[in-house]
Amino acid sequence: MVAWTDFERATIKDIFSKIDYEVVGPAAISRFLIVYPWTQRYFAGFGNLYNAAVVMQGLEKVVKNMDNIKATFTELSTLHSEKLQVDPDNFMSCSFDCLAIVVAAQLGKDFTPEVHAAFQKFLAVVVSSLRRQYY
Amino acid sequence: MSLTEKDKAAVKALWAKVSKVVDTVGGEALGRMLLVYPQTKTYFSHWPDLTPGSEPVMVHGKLILGGVTEAVSKIDNLSGGLLELSELHAFKLRVDPSNFKILAQSFMVVIATMFPKDFTPETHVAFDKFLAAVALGLSEKYR
Numbered sequence: 001m002v003a004w005t006d007f008e009r010a011t012i013k014d015i016f017s018k019i020d021y022e023v024v025g026p027a028a029i030s031r032f033l034i035v036y037p038w039t040q041r042y043f044a045g046f047g048n049l050y051n052a053a054v055v056m057q058g059l060e061k062v063v064k065n066m067d068n069i070k071a072t073f074t075e076l077s078t079l080h081s082e083k084l085q086v087d088p089d090n091f092m093s094c095s096f097d098c099l100a101i102v103v104a105a106q107l108g109k110d111f112t113p114e115v116h117a118a119f120q121k122f123l124a125v126v127v128s129s130l131r132r133q134y135y
Numbered sequence: 001m002s003l004t005e006k007d008k009a010a011v012k013a014l015w016a017k018v019s020k021v022v023d024t025v026g027g028e029a030l031g032r033m034l035l036v037y038p039q040t041k042t043y044f045s046h047w048p049d050l051t052p053g054s055e056p057v058m059v060h061g062k063l064i065l066g067g068v069t070e071a072v073s074k075i076d077n078l079s080g081g082l083l084e085l086s087e088l089h090a091f092k093l094r095v096d097p098s099n100f101k102i103l104a105q106s107f108m109v110v111i112a113t114m115f116p117k118d119f120t121p122e123t124h125v126a127f128d129k130f131l132a133a134v135a136l137g138l139s140e141k142y143r
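So the sequence lines, in the order shown, correspond to chains A and B. In terms of full-length UniProt numbering, the first sequence opens at residue 1 and continues consecutively. In terms of full-length UniProt numbering, the second sequence opens at residue 1 and continues consecutively.
Capping the alpha-carbon separation at 25 angstroms, the derived lysine-lysine pairs in BS3-like fashion look like this:
#, chain 1, residue 1, chain 2, residue 2
1, A, K121, B, K41
2, B, K17, B, K6
3, B, K129, B, K8
4, B, K101, B, K74
5, B, K129, B, K12
6, B, K74, B, K92
7, B, K117, A, K18
8, B, K117, B, K6
9, B, K101, A, K109
10, B, K62, A, K109
11, B, K141, B, K74
12, A, K121, B, K101
13, B, K74, B, K8
14, A, K109, B, K41
15, B, K101, B, K6
16, B, K17, B, K117
17, B, K62, B, K74
18, B, K20, A, K109
19, B, K17, A, K109
20, B, K74, B, K12
21, B, K129, B, K20
22, A, K61, A, K83
23, B, K117, A, K109
24, B, K20, B, K74
25, B, K20, B, K8
Computed footprint of chain B on chain A, listed as stretches where at least three residues anywhere in the stretch have a Cβ under 8 angstroms from a Cβ of chain B:
#, stretch
26, 29-37
27, 101-110
28, 114-122
Calculated from the structure, these hints are not laboratory results. As the structure is a computational prediction, the values presented were derived from the model and not from experiment. We put the CB at the ideal spot given by N, CA and C, even for glycine.
With these hints in hand, go ahead and build the complete structure from the sequences.
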């Protein structure tokens, strides 16, 4: 169980209400494909990058289930480990670091250090849940 | 993953804009790092106040920014040009080099909030490579 403060819950919901999934999803993915080109190995079958909104929808599922993230992500974890075979070291260092930068650029000065810290904690929990089904 | 001429040009162009706000960018990045990655506070336990925006953080942030500006000026020879700073980090400060990446990410988030249009994916990859090369230069004397 992750202990979320009221500020963290409110902040995460607020961030997800402010960002446009159709913009942020593709922007984050296309950014990390450029910044970390070796991640391109995973996207040959991904199709049109506009489907990247599904990644944001996956994250939104977590926002709706902040007290049961592990269970929410069991299927997605299995997908990433068994079907997509993504090196889990990529989750934070490549994709979520880029996502933090895209969200920071969108929110500007609203992405205060306190908001950033809440978002980083959220991403760390998501990474941990995505890693759970790897063996 | 060495810096191409295109990377160096992108870094210099970005830094020309960022260095106009050096007074705050360094302190902002440092304060953010201490809050977002609390394990980094262990290096600053001698400060009275580690909160973002506090005096020790902003003063030290300016110092760090000066170091990065120096690195930009030595972009053609980062492994050789940062030897003094490397000795400082290796023998005096004894910062675990894995933390350089954490501060680099904090810098890039601050730059993204302040210059969203300039921090394009191409500039981001150049700057990420540059900060990684600086980290390597700083690690030169460790062992």
